[in-house]
Amino acid sequence: MSARPTDAVPDVTVVAALFRPGRLLDGFLDRAAALLTAGVELVLVDDGSGDGTAERLRRWAVDRPDVQVLENATNSGVAASRNRAVRLARGTWVWFVDHDDRWEPGAPTRLLDAATDDVDVVVCRADFRTDPLRPGRIVDGVPVPRVATGPEALVMLLEGTIDGFLWSKLVRRSVLGNAPFPHLPSQSDVAGLAPVLAAARRVRFVPDVLYHWVHRPGSVSRSRTPALDALEAAHAAVVAAADSVAPVDAPALADPARREELLTWFTCWFRCRGLVVTPGRQHAPWSVRRAGVRRARRALHGRRLGGVRLRSTSVWLLMWAVRVAPLLVVGVLPLLFAVHDARVAGRPGG
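Just so you know, my numbering puts the end of the sequence shown at 354, numbered straight through with nothing missing.
Treat the hints as calculated values from the structure; they're not laboratory data.
All residues carry an ideal CB built from backbone N, CA and C; glycine is no exception.
None of the hints are false.
Here are the computed distance ranges between Cβ atoms for each label pair:
| hint | residue 1 | residue 2 | range |
| --- | --- | --- | --- |
| 1 | Arg62 | Thr165 | 36 to 44 angstroms |
| 2 | Glu75 | Ala244 | 26 to 34 angstroms |
| 3 | Gly335 | Ala37 | 43 to 51 angstroms |
| 4 | Ser248 | Leu340 | 35 to 43 angstroms |
| 5 | Val13 | Ala240 | 31 to 39 angstroms |
| 6 | Gly54 | Asp135 | 25 to 33 angstroms |
| 7 | Asp55 | Val343 | 34 to 42 angstroms |
| 8 | Thr165 | Ala258 | 12 to 20 angstroms |
| 9 | Val252 | Arg62 | 48 to 56 angstroms |
| 10 | Thr317 | Glu59 | 48 to 56 angstroms |
| 11 | Arg205 | Val13 | 18 to 26 angstroms |
Please take these sequences and the hints and turn them into a complete structure.
Okay, here's the thing in structure tokens:
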């Protein structure tokens with residue numbers, strides 16, 4: 005069993021859900037140990053690995069009173085694991101990390117420095133890496149310091165200015181509730197984050213790149229059979245969060261025409277592009293790719309795409325192709341990605 009938690013209320017609870025981490029576990033525990041500074045607790049959830057992971061975690065936690073180890077009897081999914089951890093989190097703030105990623109030393113402290121009394125969410129920048137030690141492309145956050153209301157941050161999510169990743173956000177425990185994440189096989193992070201942003205008072209953005217998302221073959225977000233239902237459910241959850249915002253709190257959603265343009269853009273770049281590009285990128289079976297394109301066509305029905313063209317020519321062209329030549333899109337996208345990957349692999353350091 006893990007050591008009994010100390011009586012002091014921690015500033016931040018760091019949550020990690022693990023499922024069969026294998027050889028990556030040792031490195032994660034080294035990084036986790038470095039997080040255990042004053043005011044930080046860890047809640048680690050073994051999601052029914054059945055391979056000795058839970059026992060390893062419990063042994064590691066024996067002499068660490070600010071570590072809680074939970075074990076799911078069966079593989080329940082990352083959403084259920086995170087919800088369970090949130091219910092037991094004692095910290096004023098919660099930060100979610102993945103065991104196979106990296107983060108900057110002192111990241112929780114640097115996020116806490118921006119967490120003033122009127123702020124409910126702190127957002128840092130994050131990058132995507134194929135090599136854990138080499139900087140990659142920025143995938144979340146903004147390059148300058150900024151403070152927004154929660155509804156304004158939700159609009160930024162709709163626009164694609166920020167993304168729905170959890171590990172780039174420090175969230176006040178009181179706005180999470182007890183089960184913030186719907187039980188989806190993927191996309192539960194953005195589906196749970198959107199209502200949090202809608203309810204948040206202030207969101208502070210720090211321009212530092214504090215988290216590094218490391219690509220690992222076989223991860224949930226890069227499965228060869230992407231969960232199309234989960235993507236559409238997440239889209240619906242974000243739109244529902246936008247619907248819950250009072251017009252006075254988000255001027256971009258107050259005007260009906262502007263709101264429709266914004267939601268059409270979100271539908272195109274998040275839902276339709278995800279339905280089409282993700283199966284193609286992961287070389288999913290023909291039936292899955294065709295189903296994704298068909299769903300995207302249905303989602304585009306009756307929508308005006310002029311605003312999409314102004315925001316992104318590439319997204320507009322993809323939507324146009326989905327409407328006009330859906331079978332061509334199904335067949336061509338995997339070939340384009342294969343050519344792209346071959347070129348990247350042929351570059352020095354690729």
